[in-house]
Amino acid sequence: MNMHTAMRQWPAEGLTRVPYWVYSDHALYGEEQERIFRGDTWTFLCMEAELPAAGSFRTSNLGDMPVVVTRDANGVIHAFENRCAHRGSLLCLKERGDAREIVCVYHNWTYDLTGKLTGVAFRRGIAGKGGMPSDCKPEAHAPRQLRIALFAGLVFGTLGGNTPPLEQYLGPDHVARIRRVMRAPARLIGGYSQIIPSNWKLYIENVKDSYHASLLHMFFTTFRLNRLSQKGGLVVSEAGGNHISYSMTQDVAGKEYEQAGLRSANDGYALEAPDMLLKNVDEFGDGIGLQILTVFPGFVLQQIRNCLAVRRVVPRGLDKTELVWTCFGFTTDDDALAELRLRQANLIGPAGFISMEDGAAAGFVQRGVAGAGDAVSLVEMGGSGTASEESRVSEAAVRGFWKDYRRHMGF
Amino acid sequence: MNLEHVARVADLNARYADAIDADRLEAWPDFFLDDGRYRITTAENVAQGLPLSIMYAASRAMLRDRVTALREANVYEGQRYRHLLGTPLITAVEAGGLRARTSFMVARVMRTGDTMLFATGCYEDRVVPDASGGARFVEKTVVLDSRQIDTLLAIPL
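Taken in sequence, the protein lines are chains A and B.
Following the numbering used here, the numbering of the first sequence begins with 2 at its first residue and continues without gaps.
Following the numbering used here, the numbering of the second sequence begins with 592 at its first residue and continues without gaps.
The hints are simulated quantities; they were obtained by calculation from the structure and are not laboratory data.
What you were told as hints is all true, and nothing was included just to trick you.
Computed spacing ranges between beta-carbons, pair by pair: (1) Met696(B) <-> Lys95(A): 17 to 27 Å; (2) Asp602(B) <-> Asp287(A): 49 to 59 Å; (3) Ala618(B) <-> Arg88(A): 54 to 64 Å; (4) Ser90(A) <-> Gln639(B): 21 to 31 Å; (5) Met249(A) <-> Ala598(B): 50 to 60 Å.
Here are the simulated SDA-like pairs of lysine to any residue, each with C-alpha atoms no more than 25 Å apart in a straight line: (6) Lys321(A) <-> Met707(B); (7) Lys321(A) <-> Ala698(B); (8) Lys280(A) <-> Glu663(B).
Ideal placement from N, C-alpha and C gives every residue a C-beta, glycine not left out.
Could you build all of it, start to finish, from the sequences and the hints given here?
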């Protein structure tokens with residue numbers, strides 16, 4: 002623990018309290034980058050489908066550190082820091098593409114697709130004059146290499162020396178639940194990004210918060226896509242930072258919302274063309290209509306009916322987060338299923354019927370706690386633990402996040 | 592150049608944008624035919640040949656559902672838009688109507704007073720005459736120049 006974290010005291014209540022300074026402390030932001038994103042965690046970088054051929058590259062992030070992910074001539078995937086060994090310039094200035102080598106535009110230093118420095122322009126000078134001394138070893142300053150792990154078509158990377166093997170880090174429930182969704186080779190259908198006006202942790206807490214889903218998102222509730230009375234469950238990993246929330250498509254009756262008289266139980270609301278949006282195919286054969294899965298620190302795998310997406314949570318400063326959405330289907334999809342996915346994509350993203358509120362809600366907290374000082378938030382729905390449970394009227398997955406966060410940060 | 596074609600598309604888009612900016616969203620679906628299509632995507636998706644939309648309606652009924660959701664279900668902070676439209680470029684004259692591309696910029700004005708340049712891009716429109724002698728969209732594709740959306744995109748563009 003360094004000086005800064007040592008000065009901070011977590012509330013004595015433990016996991017049921019989150020001090021608001023975690024969202025507004027500039028020094029803490031930098032420490033998170035080092036201890037979490039560049040520490041012993043796995044960050045989702047991209048889908049393998051985004052690197053379709055030898056020579057494909059994709060830029061990504063390890064926290065706020067820029068990264069290039071490549072597929073070399075032998076088909077092997079690599080990832081390295083997107084920073085030239087020379088003066089630190091970005092090496093790769095495109096989101097994606099194909100290349101035989103990577104050349105820094107600033108002074109033409111070149112790298113192969115594994116991130117190895119292969120050429121320094123005018124290294125020996127011109128006509129015996131200028132150039133670099135023979136004892137200078139620029140290779141020693143090469144961009145950092147990430148350790149890569151592939152799982153079910155997903156590419157993860159880490160810089161940590163003690164990050165456990167990926168499948169161990171995911172845990173058995175996550176291994177099974179990721180495989181369940183990634184049932185065939187993925188085919189990209191598109192993407193976009195959403196700027197969340199908050200600290201990155203507020204967004205990931207929102208994703209893990211199964212309690213809010215049918216209270217904030219009224220569209221969901223009214224059309225019985227996800228009532229908390231639907232059969233389902235909440236799975237929290239042993240370390241706490243990975244979670245799964247899922248529900249079956251069938252409603253098991255229940256009038257809890259109506260009786261409670263909540264805003265989200267508006268039965269007078271009807272769609273003219275519900276089938277255009279809500280018809281779905283049980284492509285996984287298990288009746289699960291919704292599965293939201295996170296992996297610490299910032300990966301989300303989403304199945305909402307037939308709408309499948311991965312989301313990368315990228316910190317862009319203390320109170321700004323970029324959420325990168327990539328939607329996909331499978332190479333085995335027929336035209337009808339492909340069209341269904343495109344229509345159901347109305348449910349997600351910045352204009353999503355059931356997700357448009359999330360970015361704003363995280364921003365409401367960021368703005369709300371501006372003068373909160375030492376005040377704390379209450380995370381006590383479902384008790385004080387982080388165990389998996391059937392009820393989703395619970396903040397167990399949020400507490401799990403803080404359990405893992407505190408372990409990494411040394412709080 | 593046929594100025595009548597330009598005027599026809601410009602007038603339709605001017606009335607379309609005015610309805611949105613003046614919060615007459617209930618009028619928005621009526622700018623489309625019954626089987627009209629509306630979608631918002633990004634130039635990046637278009638360039639990669641990827642079909643994903645940020646908003647997608649394959650019929651006027653789906654557009655009305657979007658309005659109902661915005662009025663009755665979805666929760667978003669008070670905001671409105673101001674559209675600035677460019678001159679339509681007629682890209683094709685077809686037997687049934689016109690194809691046109693129109694640049695737009697949209698400022699978003701929040702209830703707090705915060706104003707930002709929220710979206711830039713172009714409308715790729717297919718416009719056809721309707722039964723009453725006016726014009727309607729049979730297809731309107733909003734292609735955003737940027738892949739990034741700030742916070743949320745509630746009101747259509």
